[in-house]
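Trainee: Sequence:
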Amino acid sequence: MVNPGMEHLLVAFVLGTAMSAAAGTYAETVFGIPARLDRPFVDSDRIMVSLVRMLFAGAYLLVGEAAEAREEGRCGFSVLSAAILFAAVWCLCLGIVSIALIMQFFDLSLAA
Numbered sequence: 001m002v003n004p005g006m007e008h009l010l011v012a013f014v015l016g017t018a019m020s021a022a023a024g025t026y027a028e029t030v031f032g033i034p035a036r037l038d039r040p041f042v043d044s045d046r047i048m049v050s051l052v053r054m055l056f057a058g059a060y061l062l063v064g065e066a067a068e069a070r071e072e073g074r075c076g077f078s079v080l081s082a083a084i085l086f087a088a089v090w091c092l093c094l095g096i097v098s099i100a101l102i103m104q105f106f107d108l109s110l111a112a
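All letters in the sequence shown, in the order written, are residues 1 to 112 by the working numbering.
These aren't lab readings, by the way, just hints derived from the structure by calculation. For glycine and all other residues, C-beta sits at the position ideal for the given N, C-alpha and C. Hints may be right or wrong, so weigh each one.
With beta-carbon atoms standing in for the labels, derived distance ranges [to be verified]:
no.	residue 1	residue 2	range
1	G76	S109	44 to 54 Å
2	G76	L101	33 to 43 Å
3	I47	Q104	38 to 48 Å
4	A67	S109	24 to 34 Å
5	G73	S109	45 to 55 Å
6	A88	V52	29 to 39 Å
7	E72	F106	24 to 34 Å
8	G5	D45	36 to 46 Å
Construct all of the structure, not just a fragment, from the sequences and the given hints.
Mentor: Below you can see the structure in the form of structure tokens.
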């Protein structure tokens, strides 16, 4: 039997991963170029927009940049593994925060 806490973590991870992938794919579609940790995705002139964009699509961009660097020989397997691990934790945190916000929204809407 699976621990219910682990099920919740799995749901949060899947939700965070789906949100990050959807936000990264959406950004690629809007800008018409592959997602990168550079302009137009990260823009110092519009820092708040860039921060929100990175909150949602940052894990997607990080893994893409790390995979590209590995293919070009600019980093080793350990750096790629660390980037993937960091992105996985990022997606888990994004999913946990998203679930908490959704639950807070529904608690407020039911109380009203």
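Trainee: Against the structure shown, which of the earlier numbered hints fail to hold, in ascending order?
Mentor: Violated: hints 3, 4, 6, 7.
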